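Enquirer: Residue numbers (the working numbering), protein chains in the order written: chain A, 379 to 683; chain B, 379 to 683; chain C, 379 to 683; chain D, 379 to 683.
Watch out, some of these pointers could steer you wrong.
Put simply, identical chains are the same to the list, so a pair is met inside one copy or across any two.
Subject to a maximum C-alpha distance of 27 Å in a straight line, what follows is the list of computed DSS-like cross-link-like pairs (lysine-lysine) [stated by the list, open to error]:
{"id": "1", "residue 1": "Lys-628", "residue 2": "Lys-485"}
{"id": "2", "residue 1": "Lys-503", "residue 2": "Lys-519"}
{"id": "3", "residue 1": "Lys-503", "residue 2": "Lys-485"}
{"id": "4", "residue 1": "Lys-400", "residue 2": "Lys-485"}
{"id": "5", "residue 1": "Lys-628", "residue 2": "Lys-648"}
{"id": "6", "residue 1": "Lys-628", "residue 2": "Lys-503"}
{"id": "7", "residue 1": "Lys-477", "residue 2": "Lys-661"}
{"id": "8", "residue 1": "Lys-485", "residue 2": "Lys-661"}
{"id": "9", "residue 1": "Lys-538", "residue 2": "Lys-485"}
{"id": "10", "residue 1": "Lys-503", "residue 2": "Lys-413"}
{"id": "11", "residue 1": "Lys-436", "residue 2": "Lys-520"}
{"id": "12", "residue 1": "Lys-477", "residue 2": "Lys-538"}
{"id": "13", "residue 1": "Lys-397", "residue 2": "Lys-409"}
{"id": "14", "residue 1": "Lys-503", "residue 2": "Lys-435"}
{"id": "15", "residue 1": "Lys-393", "residue 2": "Lys-520"}
{"id": "16", "residue 1": "Lys-436", "residue 2": "Lys-519"}
{"id": "17", "residue 1": "Lys-648", "residue 2": "Lys-397"}
Derived by calculation from the structure, the hints in this document are not laboratory data.
As the structure is a computational prediction, the values presented were derived from the model and not from experiment.
Protein chains: 4
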Amino acid sequence: MINSDILYNLILANKERCKEGKVADYIPGLKNANKENFGICIMDNNNKISYAGDYEKKFTIQSISKPLILMLAILDNEEDYIFSKIGMEPTGDPFNSIKKLETSFSKPFNPMINAGAIAVSSMIKGDSSEEKFNRVLDFIKKISENPNLDYDRDIYHGEKITGNRNRSMAYFMKNDGIIEGDVEEALDIYFKQCSILITAFDLAKIGLFLANNGVTSYGERVVSIHTAKLVKSLMVTCGMYDGSGEFAVKVGIPAKSGVGGGILSLVPGKMGIGVYGPALDLKGNSIGGYALLEDISNLLSLSIF
Amino acid sequence: MINSDILYNLILANKERCKEGKVADYIPGLKNANKENFGICIMDNNNKISYAGDYEKKFTIQSISKPLILMLAILDNEEDYIFSKIGMEPTGDPFNSIKKLETSFSKPFNPMINAGAIAVSSMIKGDSSEEKFNRVLDFIKKISENPNLDYDRDIYHGEKITGNRNRSMAYFMKNDGIIEGDVEEALDIYFKQCSILITAFDLAKIGLFLANNGVTSYGERVVSIHTAKLVKSLMVTCGMYDGSGEFAVKVGIPAKSGVGGGILSLVPGKMGIGVYGPALDLKGNSIGGYALLEDISNLLSLSIF
Amino acid sequence: MINSDILYNLILANKERCKEGKVADYIPGLKNANKENFGICIMDNNNKISYAGDYEKKFTIQSISKPLILMLAILDNEEDYIFSKIGMEPTGDPFNSIKKLETSFSKPFNPMINAGAIAVSSMIKGDSSEEKFNRVLDFIKKISENPNLDYDRDIYHGEKITGNRNRSMAYFMKNDGIIEGDVEEALDIYFKQCSILITAFDLAKIGLFLANNGVTSYGERVVSIHTAKLVKSLMVTCGMYDGSGEFAVKVGIPAKSGVGGGILSLVPGKMGIGVYGPALDLKGNSIGGYALLEDISNLLSLSIF
Amino acid sequence: MINSDILYNLILANKERCKEGKVADYIPGLKNANKENFGICIMDNNNKISYAGDYEKKFTIQSISKPLILMLAILDNEEDYIFSKIGMEPTGDPFNSIKKLETSFSKPFNPMINAGAIAVSSMIKGDSSEEKFNRVLDFIKKISENPNLDYDRDIYHGEKITGNRNRSMAYFMKNDGIIEGDVEEALDIYFKQCSILITAFDLAKIGLFLANNGVTSYGERVVSIHTAKLVKSLMVTCGMYDGSGEFAVKVGIPAKSGVGGGILSLVPGKMGIGVYGPALDLKGNSIGGYALLEDISNLLSLSIF
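Just chain A, with the same shape it has in the complex (with noise of 0.2 Å):
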């Protein structure tokens, strides 16, 4: 196991990086990010754990949201269901395209782009809107281990009025079929899904989770090994957006990103890695996260291929 001084260094190793970067700036609320913000820690199978900066610094977990919602989405309804409604497959554009909609399948190409996630969130279970989010924030808490998450009001109401694009692609797919509930309902998930409070530290708990193919840390096993791979295969074809390839060459384990500029990372069997850096490239990737990540995945040998 890495130790937290090495972990120290590579953060100043790589902090000049950050500042090539741009934090998301669509809502007031992610602009205010400070793009010093930098911190990592990783937790293994031996309750060993490491950090270094600001690993504890509370940010919106945004996309990283989307492969943990989809394992909820498998609990909740046959796998099969799900992949007749959504692909499997990296798309080779943005995370926010709606070309392939129509071009393609009618089918959004994967859970990790937009358009799939919230074809995702129409699919989780529950009585009422409320209902149906709280199962989420639920379920996010069990698999970080941490009971105090909540999600941030003004990030949602500021990603559900500027949230238009998504809305365009929800109603897209209403259209299709792929959506089957109600189209502002599962906007309205996918918005405060977005908007749950994460920190680097939660992000290692949850990737030692899918690293240990869905068992959290106490013992209990929340989804199956099968469901746990899938979403991990995923993440390494289409975790970083657009840029999921060069990562897989460069880093060479499952990933997730999200503009809040978290990266949620593991090595299967072993670790689990939770980034943090709101400056991002021109993917929407944490642009220090990424650095962080391949330094240690060079230091260690941590490639999966």
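Following the hints, position chains B, C and D against chain A.
Expert: Just chains B, C and D now, with coordinates in the frame of chain A:
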């Protein structure tokens, strides 16, 4: 290590499914393939080998040559140069699609689609077209440890005559500066390399070479660990055409298919697997080969995720 | 001027072809249309009028409203403002296509496709949604010289309920700043305007209004010559969906079709022509109406080219 | 008929705008054009002729050859055969775009874009490549009534060497059966025809020929009325590249531009207009020529709509 009897039973169990597929029919040499042919070979690091069915039947390597010539191109060129001309991202489009050359980058998305592979072929060094192709052939002889490999003249001529879609992509890339040398020469190398005759046995050998990160069974390092891992990661994200994402979910190991019916596959650090079955699914992957790999992966828990 | 007997014979001659078409079936109100209905009305500048068949049968105006509200929008806004938000170019894509909003301009290609027409609807002035639509209805009453026009409530509700593809495009345009006001209000006006009930007789009147460059039969100038010519040129390049080019070749006069089965057509300076036949070809144009216009254009050498 | 003095003043009035444009620079022969060159010639049915500026300056015909060879192809083939291979619809894409060949029809959208025009070139009859091109040249000599026309060898060679985008489209169409004969021969004819040297005077003559529906000034009918009207309608919907819709609105007469700086234009039944100005706008149309035609159309109320 799985034994040959189990492989034989898996062959029997999946034989029926081959009938649902279609052999490639764009040239006579491929059209005459026998849908009933079906074979597999597995080799591991302890010199164990298992096989069943038509594992010694020769067929054309087709797209399986793509990851192989990429390794030679990396020996011949700076890696940065290659990836300044070709991307590392899955496309979401069929292997012979041209539209992304126009609408997204000018560069082909990855070296596993036709456009990218033709660009790679244009980067092989040599004083003449003959020498260039001979270097390709020699390289594949070396990593398959089979000095008797040759290409099928009939199929090569067929590819050349019917290859106007590939020719179209090549001239498009010439126009955009992706291909710097002679277009027809690059195409000629590409058509010849696709016509190399190979067996499932050979593919298992090449798979083992990749599993061992670029070292042959007699201990010669041919490519760097970095190059081997790069190729394997691209096989996972882009190796099974626009069905790579689903293959990662269902089988979970690096693989590259060809329309000749072969699949090169491997488990990192452990074994190489070659399969053959010319009946293809709609995406161009061997339907029987895919099913065999899925069964074996589940049986032996081979998924890398 | 062609007489009614000839028109009657042309109706008979083309009646069979209507059977090859299909009525629009996305909402019940359209689905119930009678494929046998077929009518035409022609009016010229000398107060001559000819007609045959179901020229007084009411049907919904649908896309024929697009050139009409464009004239009202030009009265309400600076022309430059409108065309800073909407292009003037034919698209080559179906009327309900969304992909060009993403891949080319952010602005819709022209005001004759759904996206462009919805953007036009969002530019109609008024203190309330009701007032805006009433101004649309009043404008069409004026240029059709029919004070009794109204819209079909059932069809309006059907359009609104099933209109998620249009809703998707509207939110996409809202996101890109093409639509500045309220999206649902713009859609509501659009769905209502599409549901206005009209006859071939009314369309002939409107055609004559355009033929006379914006002057009614009782001599009132409603729009400028420039506006009338602008609308007529867009009818030629974009009026018959993605079949406009062929229609220009075969018929050669400005026309705008709707999936309700109507075609508004005219010969500049000479006559207005309205046709009705709800059986549609694959592009959404009245199959009988198209044939009638082709025959009449050939018979009277009406092509403007 | 407008007199030469007015034309001269319009030339002066629009001379400045030419400076905003850019001459085509993909081959040296075009790059050397003088942005200051600017000329116009108008001929009518009463043997009146007006001109101003560089109306006798030679330049390459480029895309203006497209409507001309279409007429020859219609003489050489069944019209239905031609339009089974090539559409009649505007595309909304640039003239050298390939993506619609893949995503929509397999056939090129119309004969005015490069792909369509190359397909037309492949349909010209002749026993040899030379004879085919000579027939093209003779046809243009006849309708321009200029027996001295020839092509520019330097520009032809430049087009041929740099023409890989066109070559790419041609092989794509060969693959799909749109081009039936030899690809390089079709391209050779295409590159030669684009290199024919012409003047604004010649274009006015050709324009008058089209205005008179296919009859030369000495009374010879060369093509049918139907063919002439077909070509003129395609000029309106597709003649000014992806700016055809706006040109129809602003100028309103059939026209075809070329990147050599010429525009062939005409008023049906009345006059032919040729303009020359090698400074191009972003879509490839002569910026000065466009402005001149707009002014003249407004001055004389020439719009056909």
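Enquirer: Could you run down the list of hints and mark each one as holding or not?
Expert: Evaluation of the provided hints:
1. Taking CA atoms no more than 27 Å apart as the test, Lys-628 paired with Lys-485 passes between copies only; the shortest distance there is 19 Å, against 30 Å inside one copy.
2. Taking the shortest Cα distances, Lys-503 and Lys-519 sit within 27 Å of each other inside one copy (17 Å), while across copies they are farther apart (50 Å).
3. In the homo-oligomer, the alpha carbons of Lys-503 and Lys-485 lie at most 27 Å apart inside one protomer (21 Å), although the nearest pairing across protomers, at 38 Å, exceeds that limit.
4. Proximity of Lys-400 to Lys-485 under the C-alpha cut-off of 27 Å is restricted to the inter-copy arrangement: shortest distance 25 Å between copies versus 32 Å within a copy.
5. In this assembly of identical chains, the alpha carbons of Lys-628 and Lys-648 lie at most 27 Å apart whether taken from the same copy (19 Å) or from different copies (22 Å).
6. In the homo-oligomer, the alpha carbons of Lys-628 and Lys-503 lie at most 27 Å apart only across protomers (26 Å), although the nearest pairing inside one protomer, at 38 Å, exceeds that limit.
7. In this assembly of identical chains, the alpha carbons of Lys-477 and Lys-661 lie at most 27 Å apart whether taken from the same copy (18 Å) or from different copies (21 Å).
8. Taking the shortest Cα distances, Lys-485 and Lys-661 sit within 27 Å of each other both inside one copy (23 Å) and across copies (17 Å).
9. In the homo-oligomer, the alpha carbons of Lys-538 and Lys-485 lie at most 27 Å apart both inside one protomer (23 Å) and across protomers (23 Å), since each shortest distance falls under that limit.
10. When the C-alpha separation of Lys-503 and Lys-413 is checked against a cutoff of 27 Å, the pair qualifies neither within a copy, at 38 Å, nor between copies, at 45 Å.
11. Taking identical chains as interchangeable, the C-alpha atoms of Lys-436 and Lys-520 lie at most 27 Å apart only when both belong to the same chain, with a minimum of 18 Å there against 53 Å between chains.
12. In this assembly of identical chains, Lys-477 and Lys-538 lie within 27 Å of each other by CA distance both inside one copy and across copies; the values are 22 Å within and 23 Å between.
13. When the C-alpha separation of Lys-397 and Lys-409 is checked against a cutoff of 27 Å, the pair qualifies only within one copy, where the shortest distance is 15 Å, while the shortest distance between copies is 42 Å.
14. For the homomeric pair Lys-503 and Lys-435, neither the shortest alpha-carbon distance inside one copy (31 Å) nor that between copies (49 Å) is at most 27 Å.
15. Proximity of Lys-393 and Lys-520 under a CA criterion of 27 Å is satisfied in neither setting, with 32 Å inside one chain copy and 44 Å between copies.
16. Taking CA atoms no more than 27 Å apart as the test, Lys-436 paired with Lys-519 passes inside one copy only; the shortest distance there is 15 Å, against 55 Å between copies.
17. In this assembly of identical chains, the alpha carbons of Lys-648 and Lys-397 never lie at most 27 Å apart, being 32 Å within a copy and 42 Å across copies at closest.
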